[in-house]
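K.L.:
The chain contents come next:
There are 4 protein chains.
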Amino acid sequence: MINLHGITAAFVVCGLTICSSAHAADLLIDRSITKNEVLEAQRAWCAALVDISKAYETGGQSAAKALAEKVIDSAYAYDKGGVLFKPTLTVNPQTVRTTRAGALAYFVGGDPEFPNDKGFALKGWTSCVAEDNAIIILGDTATSLGKVRITNMDGSIATVDKTWQYIKDPDDHLRIVVHHSSLEYSDQ
Amino acid sequence: MINLHGITAAFVVCGLTICSSAHAADLLIDRSITKNEVLEAQRAWCAALVDISKAYETGGQSAAKALAEKVIDSAYAYDKGGVLFKPTLTVNPQTVRTTRAGALAYFVGGDPEFPNDKGFALKGWTSCVAEDNAIIILGDTATSLGKVRITNMDGSIATVDKTWQYIKDPDDHLRIVVHHSSLEYSDQ
Amino acid sequence: MINLHGITAAFVVCGLTICSSAHAADLLIDRSITKNEVLEAQRAWCAALVDISKAYETGGQSAAKALAEKVIDSAYAYDKGGVLFKPTLTVNPQTVRTTRAGALAYFVGGDPEFPNDKGFALKGWTSCVAEDNAIIILGDTATSLGKVRITNMDGSIATVDKTWQYIKDPDDHLRIVVHHSSLEYSDQ
Amino acid sequence: MINLHGITAAFVVCGLTICSSAHAADLLIDRSITKNEVLEAQRAWCAALVDISKAYETGGQSAAKALAEKVIDSAYAYDKGGVLFKPTLTVNPQTVRTTRAGALAYFVGGDPEFPNDKGFALKGWTSCVAEDNAIIILGDTATSLGKVRITNMDGSIATVDKTWQYIKDPDDHLRIVVHHSSLEYSDQ
Numbered sequence: 000m001i002n003l004h005g006i007t008a009a010f011v012v013c014g015l016t017i018c019s020s021a022h023a024a025d026l027l028i029d030r031s032i033t034k035n036e037v038l039e040a041q042r043a044w045c046a047a048l049v050d051i052s053k054a055y056e057t058g059g060q061s062a063a064k065a066l067a068e069k070v071i072d073s074a075y076a077y078d079k080g081g082v083l084f085k086p087t088l089t090v091n092p093q094t095v096r097t098t099r100a101g102a103l104a105y106f107v108g109g110d111p112e113f114p115n116d117k118g119f120a121l122k123g124w125t126s127c128v129a130e131d132n133a134i135i136i137l138g139d140t141a142t143s144l145g146k147v148r149i150t151n152m153d154g155s156i157a158t159v160d161k162t163w164q165y166i167k168d169p170d171d172h173l174r175i176v177v178h179h180s181s182l183e184y185s186d187q
Numbered sequence: 000m001i002n003l004h005g006i007t008a009a010f011v012v013c014g015l016t017i018c019s020s021a022h023a024a025d026l027l028i029d030r031s032i033t034k035n036e037v038l039e040a041q042r043a044w045c046a047a048l049v050d051i052s053k054a055y056e057t058g059g060q061s062a063a064k065a066l067a068e069k070v071i072d073s074a075y076a077y078d079k080g081g082v083l084f085k086p087t088l089t090v091n092p093q094t095v096r097t098t099r100a101g102a103l104a105y106f107v108g109g110d111p112e113f114p115n116d117k118g119f120a121l122k123g124w125t126s127c128v129a130e131d132n133a134i135i136i137l138g139d140t141a142t143s144l145g146k147v148r149i150t151n152m153d154g155s156i157a158t159v160d161k162t163w164q165y166i167k168d169p170d171d172h173l174r175i176v177v178h179h180s181s182l183e184y185s186d187q
Numbered sequence: 000m001i002n003l004h005g006i007t008a009a010f011v012v013c014g015l016t017i018c019s020s021a022h023a024a025d026l027l028i029d030r031s032i033t034k035n036e037v038l039e040a041q042r043a044w045c046a047a048l049v050d051i052s053k054a055y056e057t058g059g060q061s062a063a064k065a066l067a068e069k070v071i072d073s074a075y076a077y078d079k080g081g082v083l084f085k086p087t088l089t090v091n092p093q094t095v096r097t098t099r100a101g102a103l104a105y106f107v108g109g110d111p112e113f114p115n116d117k118g119f120a121l122k123g124w125t126s127c128v129a130e131d132n133a134i135i136i137l138g139d140t141a142t143s144l145g146k147v148r149i150t151n152m153d154g155s156i157a158t159v160d161k162t163w164q165y166i167k168d169p170d171d172h173l174r175i176v177v178h179h180s181s182l183e184y185s186d187q
Numbered sequence: 000m001i002n003l004h005g006i007t008a009a010f011v012v013c014g015l016t017i018c019s020s021a022h023a024a025d026l027l028i029d030r031s032i033t034k035n036e037v038l039e040a041q042r043a044w045c046a047a048l049v050d051i052s053k054a055y056e057t058g059g060q061s062a063a064k065a066l067a068e069k070v071i072d073s074a075y076a077y078d079k080g081g082v083l084f085k086p087t088l089t090v091n092p093q094t095v096r097t098t099r100a101g102a103l104a105y106f107v108g109g110d111p112e113f114p115n116d117k118g119f120a121l122k123g124w125t126s127c128v129a130e131d132n133a134i135i136i137l138g139d140t141a142t143s144l145g146k147v148r149i150t151n152m153d154g155s156i157a158t159v160d161k162t163w164q165y166i167k168d169p170d171d172h173l174r175i176v177v178h179h180s181s182l183e184y185s186d187q
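Chains as they are written, first to last, in numbering that gives the first Met the number 0: chain U, 0 to 187; chain Y, 0 to 187; chain F, 0 to 187; chain R, 0 to 187.
The hints are simulated quantities; they were obtained by calculation from the structure and are not laboratory data. Please note: incorrect hints may appear among the correct ones.
Given that identical chains are not distinguished, each listed pair holds provided it fits within a single copy or across any two copies.
[Said to hold, decoys possible] Listed next, the in silico DSS-like pairs over lysine-lysine satisfying Cα-Cα at most 27 Å (straight line):
no. : residue 1 : residue 2
1   : K79       : K53
2   : K69       : K167
3   : K53       : K122
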């Protein structure tokens with residue numbers, strides 16, 4: 000007990016030598032998403048799209064489907080309750096795919112529950128690049144909006160406007176919770 | 000000072016009567032966004048679109064512009080560093096409008112810096128409804144993805160796919176930080 | 000394609016009957032923490048403290064330790080990189096327990112790495128109540144500050160000032176990331 | 000309109016030269032709190048404590064109070080609905096100070112509503128250092144737990160265990176939402 004200007008308190012008074020022995024707590028846990036993590040997640044999505052196309056060329060629909068399931072489970076957060084996914088080419092009344100089955104059907108087709116899906120990832124994509132990113136990081140969630148350009152085996156380049164919102168899962172891996180993709184508008 | 004099984008400590012031992020006098024701290028601050036706040040923000044955006052159309056009919060471009068500025072400042076977070084805004088009908092190279100000027104030009108036109116903008120809010124909209132919402136609330140940010148149907152004075156209904164991400168500002172008012180709007184895809 | 004006041008666009012025009020078939024997206028994912036979840040986590044922590052005391056009475060140190068390990072793994076987020084834990088009765092240079100081993104030693108003692116720990120949970124606690132809560136919810140993290148009153152088998156009541164900060168884990172279970180507990184100050 | 004493997008779509012096909020003109024959206028908004036911002040906020044709090052002590056020495060209670068009001072408004076988030084503040088030396092039933100008036104009384108005293116407060120910041124503090132920080136950053140909120148050592152004009156050093164939780168306000172300035180300070184426990 001010491002008396003500090005009238006306040007009696009159990010302040011521990013210490014010399015610097017003794018107190019330095021207390022330096023035991025230094026720790027930094029940072030759950031914030033960084034710009035580089037967003038860019039890496041975009042690259043991973045693009046690489047996966049091309050990989051599924053290649054799997055289809057070499058192994059057929061079953062190989063493509065097996066890979067697409069892995070990609071969806073790794074890149075999307077369907078296991079957290081669903082995803083707000085509006086793919087580029089879906090139509091009413093199945094525009095939005097909040098379930099894993101709906102995402103899988105969009106990427107590789109073949110699901111009678113989604114009869115309009117022909118398999119977007121099976122179209123022979125050879126490269127995919129995300130560009131012109133606007134990014135907002137709100138701590139443990141981040142959203143990007145920009146262009147994604149995908150090149151077909153015939154050399155044509157298709158561009159879509161794409162919004163992705165991510166969360167960070169317990170393994171520090173980004174997972175998509177919102178995905179809105181749309182063809183560029185043209186007034187021609 | 001009391002002795003608790005060998006631990007000498009400055010525990011304050013008290014009877015229930017005395018301790019009840021300590022009930023002074025009850026406080027709840029909840030910054031989470033609710034579903035109802037998201038739906039209300041959607042309604043406010045829709046109402047503002049119709050109001051700007053009406054202002055244009057009755058007061059011309061200057062009245063529409065004055066109202067649009069108010070709407071943008073109230074509904075969007077441009078003052079927080081920019082917004083990820085991909086309007087429905089913009090074209091390259093000005094597809095995304097990260098600045099307030101770009102948003103204003105889109106809604107009411109008349110800005111030589113954005114020569115393709117004819118004023119989306121000036122087209123005679125008479126009603127606007129957000130439907131089929133998928134919503135994800137990540138605490139102090141929330142995102143909705145769904146259909147927005149807007150009715151024109153000629154009775155036609157246009158539908159867009161729309162993603163809005165919101166934050167809550169210090170006055171507990173939702174502000175749009177991401178807005179991706181796109182025409183529905185049609186394979187016809 | 001329709002022409003809306005000079006804007007040629009692929010708007011899908013639909014009657015209400017047709018559009019109602021698009022109602023497929025309704026989904027709500029809400030990761031926000033509620034006040035009730037905070038109160039329930041407090042009750043669970045208190046119940047666990049009493050349970051460990053009972054396990055010690057009936058099964059000795061090994062039973063208490065086994066239960067404490069379960070409690071720590073369920074209630075704290077040590078597996079997320081560490082916890083900011085300042086227990087009530089720790090001393091320099093081991094005041095703060097950022098590791099699981101440090102928390103376990105505090106609750107049940109018996110770890111030569113933490114020679115001052117006698118086992119806080121082994122002291123015969125028969126009830127534990129959190130009161131006078133001030134709570135702040137920042138979406139997916141929440142913090143409470145208040146009094147926790149714990150009653151000993153000899154009938155004495157000890158009160159501590161306690162701050163707990165929680166996150167919600169992927170299973171929607173609250174986990175403690177910060178825990179600061181201190182004896183009430185007394186100028187006597 | 001182009002035909003991509005059976006999908007008729009309004010893809011905009013472009014050569015690289017034309018598409019490069021679309022690079023207009025690059026934007027990064029990052030609201031995450033950094034470790035350095037936490038350390039700077041700690042330094043600012045410490046500097047303010049010493050400054051209030053100096054203001055008291057040179058200008059008396061009214062000067063100290065005027066400065067303390069500025070410090071509280073800048074460093075704490077009382078204007079956001081209240082703060083979870085458990086100061087080092089408060090006693091029941093006014094242990095926790097959820098209101099600005101309660102914080103001001105603690106720092107400079109002189110408020111008959113808080114009769115036990117003698118003015119913690121008026122005690123002749125000449126230096127203040129935060130050490131041994133454990134920090135957790137959850138995006139737009141961060142919490143530190145560590146030692147704060149404050150030196151008195153008589154040369155004695157007092158150490159407290161201190162938890163601070165911060166949010167970032169719209170001006171990118173950290174504001175305290177939780178503050179739990181306690182004397183070090185001693186079993187002597």
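K.L.:
Now, for every hint given, state plainly whether the structure supports it.
P.N.:
For each hint, the structure was consulted:
| no. | hint | verdict |
| --- | --- | --- |
| 1 | K79 x K53 | neither (29 Å within a copy, 37 Å between copies) |
| 2 | K69 x K167 | both (18 Å within a copy, 26 Å between copies) |
| 3 | K53 x K122 | within (10 Å within a copy, 46 Å between copies) |
In the structure shown, a violation is registered for the earlier hint numbered 1 alone.
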